[in-house]
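Trainee: If you want the building blocks of each chain, they are given just below.
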Amino acid sequence: MSDRLRDAYNSEGLPPGLETRVRAGLQSRRPRVLVWTAAAAAIAAGFFGFLYVQKMMTVNRILAAAEPGLHSILRVGLRDHVYCAVMRKYKGAPAPVAKLASDLPVEMRGLAPVIQQHVPARFAMHVAHVCKYKGRSYVHVALHDGTRLVSVMLTRREGGESLTRTDLLTMTSAAGVDVFSGGSQGYDVSTFEKGEWLVFLVSDLEPAESRSIMLVLAPAVRDYLGKV
Amino acid sequence: MRADDTCKMATWNAALLGGAFVKERDARFEAEALVWMPEIYRAAVRLTRDRSKAQDVTQEVFLQAWRSFSKFERGTNCKAWLFKILFHCVDHERRSWWRVRLFRADEEFVEQQLVAKPSIPDRLTNEEILDALDSLRQEYRTVVMLCDIEELSYKEAAEAIGVPVGTVMSRLSRGRAQLREKLDVLAKDYGIGGVA
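Taken in sequence, the protein lines are chains A and B. The first sequence lines up with residues 1 to 228 when you count with the working numbering. The second sequence lines up with residues 1 to 196 when you count with the working numbering.
Worth flagging that the hints you see were computed from the coordinates, not collected in a lab. Note that the structure is predicted; figures quoted are calculated from it, not measured. Take these hints with a grain of salt, some might be off.
Looking from chain A toward chain B, a few residues come up when the C-beta cut is under 8 Å (computed) [what the hints assert, rightly or not]:
hint, residue
1, Tyr9
2, Leu14
3, Gly226
So the derived label-pair ranges between C-beta atoms look like this [as the list claims (entries may be wrong)]:
hint, chain 1, residue 1, chain 2, residue 2, range
4, B, Glu30, A, Asp3, 24 to 34 Å
5, B, Pro38, A, Met57, 53 to 63 Å
6, A, Ala98, B, Glu73, 30 to 40 Å
7, B, Ala31, A, Ser11, 36 to 46 Å
8, A, Pro120, B, Ser70, 23 to 33 Å
9, B, Ser135, A, Pro16, 20 to 30 Å
10, A, Ala39, B, Asp91, 24 to 34 Å
11, A, Arg21, B, Glu73, 19 to 29 Å
For each residue, glycine too, the CB sits at the ideal point set by N, CA and C.
From just these sequences and the hints, can you work out the full model?
Mentor: Structure follows, in structure tokens:
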């Protein structure tokens with residue numbers, strides 16, 4: 001019965017002009033959809049723009065307070081830490097290190113497990129990515145223990161930046177790596193150089209603990225960069 | 001909010017403002033929804049029994065579908081989704097005239113009856129067959145159209161008209177039986193015996 005019924009039913013053809021009429025009806029709605037879409041996009045852009053401005057005001061306020069107490073080369077590390085790590089929310093369990101590392105450039109993916117192995121076990125990796133602050137790129141790994149925050153950042157030297165002329169900094173050596181440190185407004189910043197790279201560790205830990213972490217980490221990171 | 005979220009959002013906004021989103025939606029709507037216009041129109045004709053009204057309803061169905069196309073779940077049956085809108089439009093126009101449930105008390109599913117699909121004598125014309133279909137109660141005609149003609153699954157038909165699957169099956173059983181009876185009478189009038 002179904003085939004014969006279907007044949008009879010399908011004998012009713014689409015009347016001429018209906019398709020054109022439907023399409024014309026849709027066409028007349030499209031500009032309205034575009035206007036609403038553009039309006040929604042503008043509102044969203046405004047909202048996120050507002051959030052971004054708020055964030056940058058907070059970043060600038062923190063940096064304005066902390067930077068004067070730091071040597072200029074240490075500010076390079078502090079800036080990205082405040083911009084990218086401090087302004088982030090650390091909720092829930094972090095993803096596995098291997099998954100986080102997949103956001104890094106191929107040659108830097110091996111760095112994430114190296115860092116995780118050389119920081120105290122209570123710190124879990126929450127971020128591993130490349131970010132930019134004011135045009136400068138950083139390979140950035142952020143770790144959190146529930147209350148304290150540690151960032152490890154690598155950035156290429158710019159404009160003759162060098163640690164050989166930083167007589168104002170405290171220097172400590174570990175396994176042949178000279179680590180320079182300073183602190184301001186609760187932030188402790190340590191750095192060393194390897195080839196074209198400056199490596200920073202920035203944290204809100206006590207200076208002694210923050211620097212001891214860097215002294216453990218620096219030889220491992222130096223060796224890794226030596227192979228890249 | 002993270003810096004990379006800001007970047008993603010900005011990209012998304014740019015795409016929206018550029019109209020790329022709307023263009024992609026247009027193309028999808030064309031490929032997935034508009035191709036079913038003949039089926040929707042035919043069903044509208046049978047539901048309204050008025051070709052002029054059916055055209056209006058068809059247009060309204062596609063306008064509503066376009067407006068809510070973002071809600072259409074990709075990978076599901078777009079035809080079934082359009083039928084759901086069609087029934088909503090018809091229902092809205094005629095209030096609940098086709099949702100009369102005189103048979104609610106005994107709508108139990110009789111599976112054996114669903115299996116029987118008797119043939120229709122060739123001598124019956126399309127008009128006679130469609131008249132027989134049109135003469136069915138609205139709720140029976142609807143499920144015969146959806147399940148036997150448009151070949152929607154019971155589940156899809158149930159979702160389209162907003163009733164339980166069991167109700168679709170029992171209505172289909174009754175609809176087929178009634179249609180068979182009506183065609184049987186027609187066939188006898190032709191002197192060609194009953195519908196086998």
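Trainee: Let me make sure I understand: some of the numbered hints might not hold for this structure. Which ones are they, in numerical order?
Mentor: 3, 7 and 8
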